[in-house]
Every structure is written in structure tokens, then in C-alpha cells.
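Trainee: The whole structure should be built from the sequences, with the hints applied where relevant.
What follows is the residue order along each chain.
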Amino acid sequence: MTVKLRIPKMLHDEMLVDLRRPHAFAFERVGFMYCKQSSLRNGRLLLAYKYRPIEDEQYIQDDTVGARFDSSSVRSALQTTLSDGASAFHIHLHSHAGTPQFSRVDTREMQALIPCFVNLSPERCHGALVLSLDSIVGRVWSVDCPLGEPLSKISVVGERIRLFGYRND
Amino acid sequence: MISDDHLEELRAVCPGAKQATEAGLDFVLLPGLPMPPGCSPGVVDCLLCLGPRDGYSSRLFFAQPVGSREPRNWNGQNIRILERNWFAFSWRAPDGLRPMATLIAHLKALR
Amino acid sequence: MTERYSRQSFLGNEALAAFRESTVAIVGLGGGGSHIAQQLAHLGFQNIQLYDPDTVQWSNLNRLVGATFVDAQKGRLKVEVAARGMLAINPETHVQEFPCSWQAAAEDIREADVIFACLDSYGARQDLETTARRHLIPLIDIGMDVGLFGERPSIFGQVILSLPSAPCMRCLGFLNDENLRREADQYGAAGGRPQVVWANGILASLAVGIAVDLLTGWNGVPAEGIYLHFDGNTGEVRTSPRLEFAPKECPHFPPDAVGEPTFR
Numbered sequence: 001m002t003v004k005l006r007i008p009k010m011l012h013d014e015m016l017v018d019l020r021r022p023h024a025f026a027f028e029r030v031g032f033m034y035c036k037q038s039s040l041r042n043g044r045l046l047l048a049y050k051y052r053p054i055e056d057e058q059y060i061q062d063d064t065v066g067a068r069f070d071s072s073s074v075r076s077a078l079q080t081t082l083s084d085g086a087s088a089f090h091i092h093l094h095s096h097a098g099t100p101q102f103s104r105v106d107t108r109e110m111q112a113l114i115p116c117f118v119n120l121s122p123e124r125c126h127g128a129l130v131l132s133l134d135s136i137v138g139r140v141w142s143v144d145c146p147l148g149e150p151l152s153k154i155s156v157v158g159e160r161i162r163l164f165g166y167r168n169d
Numbered sequence: 001m002i003s004d005d006h007l008e009e010l011r012a013v014c015p016g017a018k019q020a021t022e023a024g025l026d027f028v029l030l031p032g033l034p035m036p037p038g039c040s041p042g043v044v045d046c047l048l049c050l051g052p053r054d055g056y057s058s059r060l061f062f063a064q065p066v067g068s069r070e071p072r073n074w075n076g077q078n079i080r081i082l083e084r085n086w087f088a089f090s091w092r093a094p095d096g097l098r099p100m101a102t103l104i105a106h107l108k109a110l111r
Numbered sequence: 001m002t003e004r005y006s007r008q009s010f011l012g013n014e015a016l017a018a019f020r021e022s023t024v025a026i027v028g029l030g031g032g033g034s035h036i037a038q039q040l041a042h043l044g045f046q047n048i049q050l051y052d053p054d055t056v057q058w059s060n061l062n063r064l065v066g067a068t069f070v071d072a073q074k075g076r077l078k079v080e081v082a083a084r085g086m087l088a089i090n091p092e093t094h095v096q097e098f099p100c101s102w103q104a105a106a107e108d109i110r111e112a113d114v115i116f117a118c119l120d121s122y123g124a125r126q127d128l129e130t131t132a133r134r135h136l137i138p139l140i141d142i143g144m145d146v147g148l149f150g151e152r153p154s155i156f157g158q159v160i161l162s163l164p165s166a167p168c169m170r171c172l173g174f175l176n177d178e179n180l181r182r183e184a185d186q187y188g189a190a191g192g193r194p195q196v197v198w199a200n201g202i203l204a205s206l207a208v209g210i211a212v213d214l215l216t217g218w219n220g221v222p223a224e225g226i227y228l229h230f231d232g233n234t235g236e237v238r239t240s241p242r243l244e245f246a247p248k249e250c251p252h253f254p255p256d257a258v259g260e261p262t263f264r
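Chains as they are written, first to last, in our numbering: chain A, 1 to 169; chain B, 1 to 111; chain C, 1 to 264.
For the record, the hints were derived by calculation from the structure and aren't laboratory data. There is no bait here: all hints are sound.
Straight-line alpha carbon distances no greater than 20 Å define the calculated SDA-like cross-link-like pairs of lysine to any residue that follow:
no.: 1; chain 1: B; residue 1: 108; chain 2: B; residue 2: 93
no.: 2; chain 1: B; residue 1: 18; chain 2: A; residue 2: 85
no.: 3; chain 1: B; residue 1: 18; chain 2: A; residue 2: 83
no.: 4; chain 1: B; residue 1: 18; chain 2: C; residue 2: 261
no.: 5; chain 1: A; residue 1: 50; chain 2: C; residue 2: 254
no.: 6; chain 1: A; residue 1: 50; chain 2: A; residue 2: 85
no.: 7; chain 1: B; residue 1: 108; chain 2: B; residue 2: 13
no.: 8; chain 1: B; residue 1: 18; chain 2: A; residue 2: 84
no.: 9; chain 1: A; residue 1: 50; chain 2: C; residue 2: 256
no.: 10; chain 1: B; residue 1: 108; chain 2: B; residue 2: 66
no.: 11; chain 1: A; residue 1: 50; chain 2: B; residue 2: 22
no.: 12; chain 1: A; residue 1: 50; chain 2: B; residue 2: 21
no.: 13; chain 1: A; residue 1: 50; chain 2: C; residue 2: 255
If you want the ones that stay clear, here's a sample from chain B, every Cβ over 10 Å from chain C, calculated:
no.: 14; residue: 35
no.: 15; residue: 37
no.: 16; residue: 71
no.: 17; residue: 97
no.: 18; residue: 110
Quantities reported herein were computed from a predicted structural model and do not represent experimental measurements. Where a beta carbon is used, it is the ideal one built from N, C-alpha and C, also for glycine.
Mentor: Printed below as a string of C-alpha cells:
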């Protein structure tokens with residue numbers, strides 16, 4: 001199934017600013033981006049409208065990973081998907097230019113996390129994005145695709161339209 | 001948004017009535033609304049717009065044009081609102097009525 | 001292939017890829033839309049959607065780019081004429097023809113990364129902009145008219161960029177209850193509106209330039225708000241003073257008014 005994602009530039013800028021803030025002990029910051037859904041002739045279109053960072057106190061100190069967060073943050077994200085009728089995307093940043101990649105840890109962690117959102121609201125897709133300073137990659141999970149698949153197209157829409165596809169280098 | 005009281009009043013004639021906002025205007029979806037006697041079809045999904053739009057202070061949209069005893073000027077064709085296509089005839093209802101009275105004022109044109 | 005687009009290399013290394021990867025919708029293939037279609041083909045855009053239910057009439061031949069005497073004789077579909085012209089310029093263009101209103105193909109237009117609105121009514125513009133906002137699609141509106149103010153006709157037109165989160169056509173005062181009411185009152189009474197090829201060409205070219213800048217950023221100046229007035233009598237193009245008074249963030253289309261509508 002084709003799944004495309006559009007993000008308003010203002011929201012994208014907001015996420016980049018937030019994710020670049022240092023944390024007392026976590027190497028990376030994390031947040032959740034929420035999307036509403038629309039149908040395409042051969043797939044789905046996801047339209048981002050909100051971002052909520054994981055709060056400082058919700059991080060757990062774990063030197064083996066970039067960031068680990070507690071169950072209350074996940075519960076809050078799950079609640080938002082229900083209350084808003086939204087799709088949720090886990091967001092984090094790799095602070096370099098160029099196309100980012102899901103690391104082995106990212107892949108493992110997202111495979112454990114995102115299906116929880118699909119189980120809660122199976123009528124919607126949910127997923128994960130990795131941002132870099134100038135690019136984005138993303139994967140999406142659904143009841144039809146429990147192991148996740150790349151997003152067909154990611155657009156950041158504003159006074160400049162940036163188009164990104166999944167790259168597997 | 002319209003008040004719960006007004007929505008309940010509409011639900012008395014259309015149990016599935018629910019509301020939404022688009023482009024700053026409030027709409028009430030009225031699925032399966034019964035039409036006045038003599039209309040064809042007898043039941044149609046409707047959308048009541050409670051604010052000024054297209055030059056009308058309020059407007060009733062229909063999922064399809066409705067045949068009535070007195071033919072109406074269906075000057076609204078394939079109007080896209082809330083991700084559906086709607087039809088509407090030219091009719092000016094009085095201003096300042098509560099939602100139920102506005103609905104009745106529009107349906108009166110089909111009698 | 002490289003030679004073909006060598007004269008527009010100043011647009012940047014990624015420009016051609018952006019043109020090829022984007023999907024562009026042109027709604028209305030009349031005097032303005034037909035120009036736009038031709039220009040997009042020249043630039044190298046490859047994924048095009050064309051929406052127009054109309055056929056070529058004799059009165060279109062004074063301005064419909066690509067339309068011929070035979071097209072009018074046969075009453076050929078405008079989308080067919082536009083597609084033919086685009087494919088003749090670039091056979092690699094993938095053109096989807098929708099010989100219908102865009103409302104009848106609403107699921108398809110959602111695929112567009114940019115929409116050119118070349119419509120001739122305020123009501124139609126209102127609905128198309130709403131759909132574009134709901135699906136986070138930048139919309140570039142063009143239109144021209146000829147008025148009789150005093151002794152001489154006046155040609156005037158506009159190009160408006162409607163970006164998600166930025167002022168919409170209502171914020172800019174272009175869409176308002178007064179002009180929608182006037183249009184509703186005149187329904188059925190309005191005949192063919194005056195249109196000329198050179199004015200359409202100017203407006204279409206400005207619109208295409210805006211789209212190119214959106215996709216390439218070659219100009220280096222963010223296109224946050226664009227509302228251009230064209231004076232066809234003096235040849236001037238000026239920024240509308242209404243931009244200055246528009247709200248910075250659009251109150252008509254809040255950020256969460258996207259995707260399928262939410263009913264309560």
C-alpha cells in the first residue's frame with residue numbers, strides 16, 4: 001500500500017529546534033508527531049498537524065541507547081491517538097546532513113513500539129521518522145503491514161516544498 | 001460550534017445529526033433527512049450551513065438534487081464541503097433563527 | 001537529456017529531480033491553464049493531472065494555447081488538447097486527463113504537490129482552496145477580467161499563492177461574502193467573460209515562476225505570501241497592499257483541520 005506523508009514546514013522547523021536541544025543525560029531527544037489521515041486512490045495520505053516532545057523527566061538514563069523514555073510518555077502518546085483520532089509517528093534526529101538511516105537499535109525499538117499504536121487504533125497507520133538536518137526517512141506500520149514499510153513519499157510543505165523518498169543506502 | 005441543545009433539537013428529526021467546522025463555518029450533517037411530502041427522493045443526506053456562504057446567510061446542501069412540487073433553481077452543483085460533493089438550490093432563509101428553525105425555513109422551499 | 005535543460009541549470013542541481021518527482025495539478029485548462037501546461041512541459045515536469053470537463057469552442061481559439069481550428073470543429077476535450085501539447089514537448093511526461101470537475105476526482109487531486117487553480121468563479125476557488133488546505137497542498141490561483149471603468153476597458157488580473165498556515169484567499173480579502181453573493185445573484189446571467197491571450201500568458205508565467213521557486217528555492221527569497229495584481233493597461237505587476245494587513249497565521253484553516261473531517 002502507498003502511504004505518503006506531508007508535514008507543514010512550521011511543524012518540521014519546530015521539531016528540529018526541539019530535537020536539537022541538549023538533555024541532561026540522553027544522547028538524543030525524542031518526540032511524537034501526530035497526523036490526520038485521508039484516502040488516496042491507491043493508498044493513504046497522512047497530514048501532520050502536531051508535535052509533542054517527550055518531557056525531560058520522562059527520559060530514563062541508559063547509556064546503551066541514544067534515548068530511552070518511560071511508559072507514561074508512551075501512554076500519553078497512545079491517549080492522544082485515541083482522543084485526536086490521529087496517527088502517531090515516533091520522531092528523533094540524527095545530527096548530520098544528508099539522508100539518515102534507521103540504525104539497528106532504531107529498527108528493533110520501533111518494531112517493538114509502533115505495533116502497540118496499531119493495536120490500539122488499527123484503522124490508522126502509525127510509524128517512525130528519522131530526521132537529519134536536511135532530510136527525512138520514515139517507515140509506517142498498519143494492520144496490513146505489521147513489519148513496517150518505507151513511506152512512499154515524504155513532503156515538507158511551506159515556502160519551499162521539499163520532497164523525500166525512502167533511501168536504502 | 002452550535003450548542004448541545006440546538007444539536008439535540010436537530011437530532012429529534014435526524015438522529016444521526018453531527019457537526020463539524022470548515023473554513024471557519026459551522027455545518028451540521030443530517031444523514032438520511034426526510035424530505036417534505038411530494039419530494040423525490042424522500043430521504044437525502046443533507047448538510048446545514050449556519051453561517052454566511054456563497055452569498056447566503058445560511059444554506060442547506062443536499063447529497064443530490066431533489067425533485068419537488070415547485071421546481072427550484074439548483075444553482076449549486078458539485079460543491080465540495082467536508083470532503084463530499086453537495087447540491088443546493090437558490091433560497092434565502094431569514095437570518096437569526098435557531099438551527100432547527102433555519103432547517104425548517106429551507107425545507108419549506110420544497111413543499 | 002542534459003543538453004535539453006542546460007539553459008535552466010541556474011535553478012540548481014536538484015531542480016530537475018524536483019520537477020520529475022513532484023505531481024502538479026492544473027484545474028481549468030482554459031486561457032490560463034493551457035499556458036501553464038505548456039510551460040511545465042518545457043521545464044521538465046513529468047507528473048501532471050489535468051482537470052476540465054469542457055470542450056474546445058470557437059470562442060476559445062483566441063487564447064487556448066495548443067488548440068487548433070480542427071479541435072474547435074470537433075469539440076475536442078480541453079484536457080486532451082493540453083495533454084497532446086505536453087507530450088509533443090516531452091514524451092516522458094505522465095499526464096492524467098480528468099475530463100470532469102476536480103470534485104468528481106477528489107481522491108486523485110490529493111496526490112498533487114502543487115495545484116494551479118485556473119477557475120472562473122469565486123465559489124469554485126473557495127472550494128478548491130479548502131481542499132488544498134485540508135491536504136496541505138500549496139495552491140496558486142490565477143485569474144483575469146476586463147472591466148469597463150470610464151471610457152476604456154481595463155484589463156486586470158491576480159496571482160495568489162495560498163500556502164498551508166499562511167494567509168488564505170479570505171485572509172487576503174480576495175474571497176469575501178460580497179463577491180460570492182454577487183456571483184450567486186448573477187448565476188445563469190453571466191455570459192462568456194472577456195479574455196485575451198497575452199494577459200493570460202503573463203499571469204500563467206508568473207504562476208509557473210512561483211511554482212518553480214517553491215520546488216527549487218532558486219530565488220533564495222522565501223515565498224511566504226504572494227498576492228500580485230496585474231494591470232493589463234499599464235503592464236504593471238505589483239504586490240497587493242492587502243498582504244500587509246493579512247493575519248500572519250490563517251484563522252480559517254487551523255493546523256488540525258487536515259485529513260478526513262471530524263464530526264462531533
